[in-house]
Amino acid sequence: QCEAKNHALVLEDADLESATNAIINSTYGCAGMRCMALAVIVIQESVADQFVALLKKKAMALKVGCAYDPDTKLGPVVSAAHKQKVCNWIQKGVDEGAELVLDGRDIVVPGYENGYFVGPTIFDHVKPGMTIGGREVFGPVTLIKRVKDFDEGLAVMNANPIANGSVIFTQSGYY
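Residue numbers are given in the numbering used here: position 88 of the sequence shown equals residue 88, and the series is strictly consecutive.
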């Protein structure tokens, strides 16, 4: 398991449709079990509600299923033990007070009822000090941290000592 936590900063001038499509692909591809999965979205408060609604809509539309079905967009995690670990992290986020916008723990895939599926999961209002916001879940879980502006967003991203990559969604050449 990798210990990296990758971040995206979404600014208010970003094309939210394009940003959301890229985030969906990065976060939920390979069931979130890749070291370059985009786990944390740092979003400017002015567009956060709109972004979260769009992200939830697109995540709910993903087909969850067996990995060899060409229509599947989100396959199973690697084992029963890993599924339980991801579900435990989701519960930890709930217990810590993050807002569970979309809960993927109880997803059932017809014909594969005993499969190791975790559906797309989205937490909003992840705050500093929450364990869920500072550790690698390594599953299909998106963590949203709201910020006032670019400088605060960059500070949040740079506060994580371990990361493979970061991206900024903006239309500004300055940022």
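Keep in mind that the hints were calculated from the coordinates and are not lab data. Careful: at least some of the hints might be erroneous.
Said to hold, decoys possible - Okay, derived cross-link-like pairs now, PhoX-like style, lysine-lysine, Cα gap no bigger than 25 Å in a straight line:
1. K127 to K73
2. K63 to K127
3. K148 to K85
4. K85 to K73
5. K127 to K57
6. K63 to K85
7. K83 to K148
Said to hold, decoys possible - Simulated restraints, written as ranges between beta carbons of each label pair:
8. V167 to G111: 18 to 26 Å
9. V167 to D95: 36 to 44 Å
10. A81 to R34: 42 to 50 Å
11. G129 to Y68: 37 to 45 Å
12. A155 to K63: 21 to 29 Å
13. S46 to C66: 23 to 31 Å
14. N114 to P161: 25 to 33 Å
15. A80 to E152: 23 to 31 Å
16. A155 to A81: 22 to 30 Å
17. P128 to D69: 37 to 45 Å
18. D13 to G111: 13 to 21 Å
19. S18 to N114: 36 to 44 Å
20. Y68 to V167: 27 to 35 Å
21. A80 to Q171: 39 to 47 Å
Model, not experiment: these values are computed from the prediction. Positions of the beta carbon are idealized from the N, C-alpha and C atoms, including for glycine.
>> I'd like to know which numbered hints this structure contradicts. Please list them from smallest to largest.
In response: Numbers 1, 2, 3, 7, 8, 9, 10, 12, 13, 14, 15, 16 and 18, in rising order.
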